[in-house]
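What follows is each chain in one-letter form.
2 protein chains.
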Amino acid sequence: MGELRKDYILDRWVIMASERAKRPHQFKQHNEERDFTDKCFFCPGREDQTTPTRYTVDNDDGSWRIRVMENKFPAVKPEGKHAIETHNSFYTFSDAFGEHEIIVETDHHEKQLWDVEVEHFKEVLQTYNKRIRALQHKEGIKYVQVFKNHGKDAGTSVKHSHSQVIAYNKVPEVVQQECNAVKAYSSSHEGNCPYCKIIENEKSGERKCFENENFIAFTPYASRFPFEIWIFPKQHRIYFPEDNLLDDLAGIMHQTLKKLKEINASFNYVLHYSPSDEDNLHFHIEVLPRIAKWAGFEFNGTVINIMPPENSAKFYRGEK
Amino acid sequence: MGELRKDYILDRWVIMASERAKRPHQFKQHNEERDFTDKCFFCPGREDQTTPTRYTVDNDDGSWRIRVMENKFPAVKPEGKHAIETHNSFYTFSDAFGEHEIIVETDHHEKQLWDVEVEHFKEVLQTYNKRIRALQHKEGIKYVQVFKNHGKDAGTSVKHSHSQVIAYNKVPEVVQQECNAVKAYSSSHEGNCPYCKIIENEKSGERKCFENENFIAFTPYASRFPFEIWIFPKQHRIYFPEDNLLDDLAGIMHQTLKKLKEINASFNYVLHYSPSDEDNLHFHIEVLPRIAKWAGFEFNGTVINIMPPENSAKFYRGEK
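Line by line, the protein sequences are chains A and B. Under this note's numbering, the first residue of the first sequence carries the number 1, and numbering increases by one thereafter. Under this note's numbering, the first residue of the second sequence carries the number 1, and numbering increases by one thereafter.
Every clue listed holds true.
As a list, the in silico PhoX-like pairs of lysine-lysine whose alpha-carbon atoms are at most 25 Å apart:
(1) A:Lys-72 <-> A:Lys-130
(2) A:Lys-293 <-> B:Lys-152
(3) A:Lys-152 <-> B:Lys-293
(4) A:Lys-77 <-> B:Lys-293
(5) A:Lys-293 <-> B:Lys-293
Derived by calculation from the structure, the hints in this document are not laboratory data.
All chains should be modelled from the sequences, with the hints used to inform the complete structure.
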């Protein structure tokens, strides 16, 4: 059984994932991408070699084109104690409690998410929403974190295109910091959402990349990564957007990833939304290309980025 | 001229390093380690192809064995405005102000820091102290960050063994968080230092790795990285330790890096100390091996670590 642990005195949390420590070729080989087409566990026909199916989107012939299952090497498990305790002042912990799922995004081994049709991308997004709804009210769960790792520089160990879901007993630190900052801003600005104001500012500025009826994509002012890009619904939404908005969200995500395909960038993306009705966090997706490595300086806080977001935005807009 | 920028609403800072953007082969090739023995700019005899020497430790024959110079591609420069301003609520910035130095740790191209003698390691530490003292009182400087990146997974672009110094107009976020947490703890614990108490706890526990008269090394309870290890003076010190303690600091650092050499680990290390007399931050060095990659989940806060610190400590102690 793994543990969730907090730093002695900082608000910094780590899941000690003992299950994952059992992975073969750990450490030095850990980051190598595995691409064994003839024995990929995420391909159709090998379902009996994985954990059981939890959800699928199916083709007319009954075969699946999107499939959800438990991660075979879960960081968290629905076992043990989810209540967080502190012993002897400095040792704050719980069991590594929760659910860790894999969303296989396509039945095609060779297709990456930037290769699929917009309509299929929409189904992937709908699957995110389904999994959030399926997990968020389970006992002990405080947040359902949906994210994707693409490419070996982004921490992927399996090439077959997939997203991950980690539902656990804590609100992720960055999401909590955002909620706190939103609350602080709102209280001094007549209850307004800061992100609504930021969107208004960036909409007409040099960092705007894409826009459609319901969504906007821009490179953030203090981008931590070259080509970092954030995608927001233009109208205030605190949860995953309703189904009638997903054509536009799929469209703008598709536009974004098509550009990243041009430079074959490894990337992560991470969903941000309100942990509860009381929080007022504007839903958004942060796409984090992993072209530059963080070094010692970055791990003490301030990040060095060699690509100003104004230049990244030109790249997304197709300008020289 | 680059800029220091703060996130719209979070306490998260980025240096937009326009000078560094001019580096050849940027982005995709950016992380490749360069090891051109026959044209290494850090080797003796090529001083005329680098920025001017700022400090050296010399051999009897007048040649240097440690050399400090300005980084040719500095993230910050001693030009422009160091005062931080906020415009239009969300845009907080200054010029990317400060000094960015390289410490070439040895005149031997092939020697890494884990290869040098303890006595030489002590001279490297003394050089750190000299550079902190030389830069910390310059106008606009709030903190002198000393760090080392070793190996390509740790963000090094030059193989010749070196450390870096970035003196800039801000206290690094993590150092500031530590100062805040120390202050909060002290105020409810009769002015005591939490790290003194943590050292007392870890001294006799399963996470202790090395100890000598003046220093202790242990793997932290909530380690974010496999083999993460922290080194503290056992007596409370808020600044870089005095010269008579550096034999012991060099000794314990040497022991630590020798173990990392066994697994050929890329690593960063970062010095933490008090930004001012008012802060009471216990000096320490955090060594962060870079064996596992952070992925999407980690960038929202909680880190997954597949190596419990209790196991890492066994590795350092040489137990099976």
